[in-house]
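Residues in the sequence shown are numbered consecutively from 103, following this note's numbering.
FYI, nobody ran anything at the bench for these hints, they're computed from the structure.
Straight line, CA to CA, 25 Å or less: simulated DSS-like cross-link-like pairs of lysine-lysine:
| # | residue 1 | residue 2 |
| --- | --- | --- |
| 1 | 140 | 156 |
| 2 | 207 | 156 |
| 3 | 150 | 207 |
| 4 | 150 | 140 |
Simulated DEER-style distance windows between Cβ atoms:
| # | residue 1 | residue 2 | range |
| --- | --- | --- | --- |
| 5 | 168 | 189 | 16 to 24 Å |
| 6 | 196 | 141 | 33 to 41 Å |
| 7 | 140 | 194 | 30 to 38 Å |
| 8 | 156 | 123 | 28 to 36 Å |
| 9 | 129 | 200 | 12 to 20 Å |
| 10 | 172 | 112 | 32 to 40 Å |
Since the structure is predicted, the reported quantities are computational estimates derived from the model, not experimental observations. By construction, the Cβ of each residue, glycine as well, lies at the ideal position given by its N, Cα and C atoms.
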Amino acid sequence: MKIEPHVPVDLRQESVLCQPHQVVLYNGAATARGDLAKPSSPFMDFLKTLDPNKCFIVAFMDIENKQATDLFYEAQRVARDVGIHMQGTVAPYPQQLAQWESYRKVRRLEQPSVDKPRA
Numbered sequence: 103m104k105i106e107p108h109v110p111v112d113l114r115q116e117s118v119l120c121q122p123h124q125v126v127l128y129n130g131a132a133t134a135r136g137d138l139a140k141p142s143s144p145f146m147d148f149l150k151t152l153d154p155n156k157c158f159i160v161a162f163m164d165i166e167n168k169q170a171t172d173l174f175y176e177a178q179r180v181a182r183d184v185g186i187h188m189q190g191t192v193a194p195y196p197q198q199l200a201q202w203e204s205y206r207k208v209r210r211l212e213q214p215s216v217d218k219p220r221a
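With the sequences and hints as input, model every part of the structure.
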């Protein structure tokens, strides 16, 4: 078995759904554009649970909807400010929604200990 020294083995991908006016998390919590950077917003609480050395975010959005893509860029900036990498995908929107629903199902099955904020 060959082990690549520069490939992390414990990297974790998280996801959010960027709708035209809000970012939706796997648990259904939503954060409006104007509240993304607020310390008590659901989006900031979510970011605090992520380890910037081991986690990144994939955002699902309708890339043909300018409001959704603008919101993505704002959320990406907020995530970057706290050290979390966030990227979008250019897959067709129906395919992204299917991936989003799959992600939500998996997250609901995970242990609640995953969501503990990092120190």
